[in-house]
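J.: Line order of the protein sequences matches chains A, B, C and D. Numbering follows numbering that gives the first Met the number 0, with no gaps: position 13 of the first sequence is 12. Numbering follows numbering that gives the first Met the number 0, with no gaps: position 140 of the second sequence is 139. Numbering follows numbering that gives the first Met the number 0, with no gaps: position 78 of the third sequence is 77. Numbering follows numbering that gives the first Met the number 0, with no gaps: position 128 of the fourth sequence is 127.
Check the hints yourself; a few may be wrong.
When chains are identical, the list treats them as one kind, so a pair holds in a single copy or across two.
[What the hints assert, rightly or not] Pairs of lysine-lysine residues, derived as PhoX-like cross-links and limited to a Cα-Cα distance of at most 25 Å, are as follows:
#1 Lys128 to Lys138
#2 Lys1 to Lys232
#3 Lys128 to Lys235
#4 Lys128 to Lys79
#5 Lys79 to Lys10
#6 Lys131 to Lys1
Simulated from the structure, these hints should not be mistaken for lab results.
There are 4 protein chains.
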Amino acid sequence: MKQKVYNLLHKNEAVTKFIYGLIILNVIMLILESYEEYRLDFGLFFQIIEVISVIIFTIEYLCRLWTANLQDKFDRSRLKFALSPLGIIDLIAILPFYLPMLFPIDLRIVRILRLMRLVRIFKLGRFSKSLKTINEVLKETRDDLSITLFVIFILLVLSSTLMFYVEGEAQPDKFASIGHSFWWAIATLTTVGYGDVYPVTAAGKLLSAIIAIVGIGFIALPTGIISSAFVEKINKETNGEKKVTCQCPNCGTKFSV
Amino acid sequence: MKQKVYNLLHKNEAVTKFIYGLIILNVIMLILESYEEYRLDFGLFFQIIEVISVIIFTIEYLCRLWTANLQDKFDRSRLKFALSPLGIIDLIAILPFYLPMLFPIDLRIVRILRLMRLVRIFKLGRFSKSLKTINEVLKETRDDLSITLFVIFILLVLSSTLMFYVEGEAQPDKFASIGHSFWWAIATLTTVGYGDVYPVTAAGKLLSAIIAIVGIGFIALPTGIISSAFVEKINKETNGEKKVTCQCPNCGTKFSV
Amino acid sequence: MKQKVYNLLHKNEAVTKFIYGLIILNVIMLILESYEEYRLDFGLFFQIIEVISVIIFTIEYLCRLWTANLQDKFDRSRLKFALSPLGIIDLIAILPFYLPMLFPIDLRIVRILRLMRLVRIFKLGRFSKSLKTINEVLKETRDDLSITLFVIFILLVLSSTLMFYVEGEAQPDKFASIGHSFWWAIATLTTVGYGDVYPVTAAGKLLSAIIAIVGIGFIALPTGIISSAFVEKINKETNGEKKVTCQCPNCGTKFSV
Amino acid sequence: MKQKVYNLLHKNEAVTKFIYGLIILNVIMLILESYEEYRLDFGLFFQIIEVISVIIFTIEYLCRLWTANLQDKFDRSRLKFALSPLGIIDLIAILPFYLPMLFPIDLRIVRILRLMRLVRIFKLGRFSKSLKTINEVLKETRDDLSITLFVIFILLVLSSTLMFYVEGEAQPDKFASIGHSFWWAIATLTTVGYGDVYPVTAAGKLLSAIIAIVGIGFIALPTGIISSAFVEKINKETNGEKKVTCQCPNCGTKFSV
């Protein structure tokens with residue numbers, strides 16, 4: 000029986016596709032619900048889907064928990080699943096539904112609980128090869144990314160502090176503090192440039208020009224790192240691992256590894 | 000006779016250049032027609048060119064269809080041509096001209112039919128080496144691109160949902176729904192930043208900053224993939240397998256490695 | 000005598016630095032002249048520098064022309080210099096000064112002649128290693144760049160035509176023609192996004208989003224090509240040419256090339 | 000005693016972490032101080048932290064100066080430390096505090112002195128591996144970066160001069176001089192595009208489009224150079240020389256290649 004459930008969850012393609020589809024449906028519903036006109040017209044319909052989804056996700060979670068000890072047959076394998084990222088995601092995906100039943104909850108928190116349904120999108124991580132690839136790329140480049148993020152932070156602090164001192168007097172509302180100036184630095188160094196904040200004094204413009212030319216290169220580092228790691232990963236997966244030919248120093252046999 | 004027509008279409012450089020030029024002329028005409036002043040002054044002239052072009056393109060299409068079975072001499076080679084991308088493009092390029100003659104057509108649809116003349120630009124795909132190169136690059140990187148496009152979609156959904164919840168109350172008109180918020184996410188993550196939508200609350204700005212720094216790297220993935228595949232393709236085409244010619248300093252034999 | 004002049008121009012570092020400095024001075028003057036307040040206050044001073052510069056550049060040009068046949072001793076070496084890019088630049092750099100003396104010239108054309116002094120900046124190409132490197136990179140990647148520029152042009156035409164049809168009715172002033180729409184396409188696909196033109200209808204925003212995500216990758220191709228060619232060129236210059244070890248098939252001697 | 004102090008500064012992790020933390024605290028304080036509300040409420044508190052920090056940094060500086068001759072035992076090792084980048088940074092980090100005590104100082108200069116406390120952020124360079132990596136990358140690519148910065152400067156001058164002549168008459172306030180036009184060139188070529196300055200004439204838009212497509216590739220060169228050097232550096236550090244361990248299938252000897 001247990002083995003049957005386990006196979007259904009892990010090997011049955013129909014079940015996998017059904018859960019995959021249900022997740023997508025939940026995300027679409029979350030988006031549609033944000034339109035007031037749809038919320039008013041289809042409110043009941045959305046609630047029915049929500050209840051059915053939660054029931055299915057709950058059954059799925061309990062089954063995964065129940066069959067968790069089939070794979071590595073240790074006592075703690077259930078706890079291990081419950082504390083794994085995907086296990087926690089599965090729990091958070093259903094918890095917001097049950098919490099208001101257990102505790103009296105503030106309306107403000109209900110809003111956050113509703114938002115937490117967005118976590119369901121990460122349940123796709125179990126099925127989608129794309130998300131797995133990205134996940135692996137991020138793990139591999141973790142060190143490089145943390146280095147660059149630290150440097151970016153230093154750069155943002157430097158830029159916004161300088162800009163605050165140079166431009167603060169001319170535009171006391173937009174460069175009111177280094178925090179406000181930070182928003183300018185983000186918009187400039189990412190090259191988004193919304194246009195709500197920009198220097199107006201000659202000194203501010205000169206400083207902004209220098210910061211832009213020097214800084215954009217650093218802000219683009221994570222992009223470059225992720226991009227090159229991703230291209231490399233895909234190439235490896237496509238071409239297979241490179242073989243190395245070597246000769247045994249003992250007996251002289253040549254072979255490739 | 001059939002062979003003669005086939006050679007005219009496939010090997011005669013003058014015919015090729017003539018059709019190439021006619022396509023360019025049609026695109027220029029399409030652009031000029033969009034200016035009301037030109038449409039009023041040269042309307043008749045444009046119509047004459049249109050009629051002549053359609054006649055030539057129709058003859059070209061029929062000839063290609065007729066001579067299609069010369070290349071691989073199978074029964075279905077004509078059907079194969081008619082269903083090939085370039086065959087379909089050839090058909091769509093002339094169809095909008097004949098449809099209103101066959102059926103009574105709504106004025107609204109006429110507008111769309113006129114737009115379909117834009118498809119003629121893809122007829123260049125037969126002649127332009129540039130478009131062929133790009134086409135091949137896209138085919139080679141199809142898998143990688145579909146992975147990244149899926150990840151980008153997830154990222155856009157996440158960003159716009161979060162932003163809708165954080166900024167929705169402060170700007171109920173610009174972040175009215177997750178769909179509206181999506182437009183902000185596109186403008187921010189592609190770094191276009193028109194400036195029509197941007198967060199105004201401190202929380203929204205902070206979230207926007209984090210999304211921008213983290214997300215831009217992912218949105219740039221297709222750019223990186225296409226770019227590196229293109230550079231690699233060009234390098235391969237230019238260099239072939241690099242050979243070095245050398246001369247033995249001992250006996251003077253010349254050979255290449 | 001001729002040899003002496005030749006050496007002064009090509010090997011004397013002081014002369015080289017003097018001309019280099021004079022070019023920079025001319026560029027700075029051109030910039031300062033654009034400020035009305037400086038033009039009024041220092042107008043005479045600017046004119047004196049201009050006259051002196053032109054005299055020196057004229058002498059330089061005549062000397063280069065005179066000594067041109069020292070290098071390869073052919074009859075046409077002077078003509079060859081006069082028609083070389085740097086020779087033409089040298090001529091255009093001084094011509095605008097003499098033209099108004101020879102012909103009665105319209106005031107409108109005087110404005111253009113004044114602008115032509117900007118050409119002097121390219122005289123730096125003779126002295127600056129940076130400009131030489133960039134020039135070589137551009138020459139090497141000429142084919143790739145022309146391919147991508149053609150594709151970019153097709154993409155811009157496609158995007159702006161589609162946008163004109165979708166958004167034209169809602170914003171008849173900003174998307175008045177495909178030409179107007181072109182300006183939107185440039186701002187979007189280069190991710191500059193000034194914010195003077197952007198879609199307002201839902202259909203326009205959706206189309207804009209798709210164009211942005213798909214198109215930015217192509218617009219970034221020239222950037223990627225120039226960047227990778229430049230990095231490669233610099234690496235080659237730094238590391239020297241890679242050596243290949245090979246063995247003569249005739250006598251078995253091993254050597255590296 | 001001297002050796003003990005030296006070890007405390009260079010090998011004791013607690014001391015290192017304490018100074019590291021103090022620097023971060025100082026940066027946070029600098030940011031908070033820029034908010035008027037915090038400056039009014041916690042002004043005294045900020046001043047106390049400032050005094051304590053300066054005392055600690057002064058002691059640190061004097062100790063480093065005192066123990067400088069322990070490492071290479073030459074007479075001038077103290078002078079060498081005092082003139083090293085990190086030594087100068089250490090001095091500038093505390094000097095602004097003492098200067099007003101020694102000389103009567105203008106209020107305007109006090110403002111600049113306060114800003115100089117920002118230099119403390121660079122003291123992190125001694126402790127942070129991230130900043131060291133970036134520093135090395137910048138040193139390695141110094142030549143390439145200076146080449147591209149010169150080319151970028153030429154490009155900016157060319158673009159803004161042309162734009163000034165083309166657009167100056169239509170927008171005499173925004174393109175009042177080449178200097179003003181420079182601000183447009185920066186915003187366009189870095190693709191920030193705030194939207195405060197953009198061409199409105201057809202000629203200006205056409206020129207802007209050409210400049211954008213051609214120029215963005217060059218402005219992105221530093222980004223590409225830094226990015227590729229950084230990725231290469233990280234790869235080298237992580238992989239060292241890649242070794243593959245293998246076992247001979249014939250005799251079972253294990254060895255690495």
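J.: Each hint: holds or not?
T.: Hint by hint, here is what the structure shows:
1. Lys128 to Lys138: Result: close both inside a copy and across copies, 15 Å intra and 19 Å inter.
2. Lys1 to Lys232: The answer is neither: 37 Å in one copy and 51 Å across copies each exceed 25 Å.
3. Lys128 to Lys235: within (15 Å within a copy, 29 Å between copies)
4. Lys128 to Lys79: within (23 Å within a copy, 34 Å between copies)
5. Lys79 to Lys10: within (21 Å within a copy, 39 Å between copies)
6. Lys131 to Lys1: Neither way: Lys131 and Lys1 sit 27 Å apart in one copy and 55 Å across, limit 25 Å.
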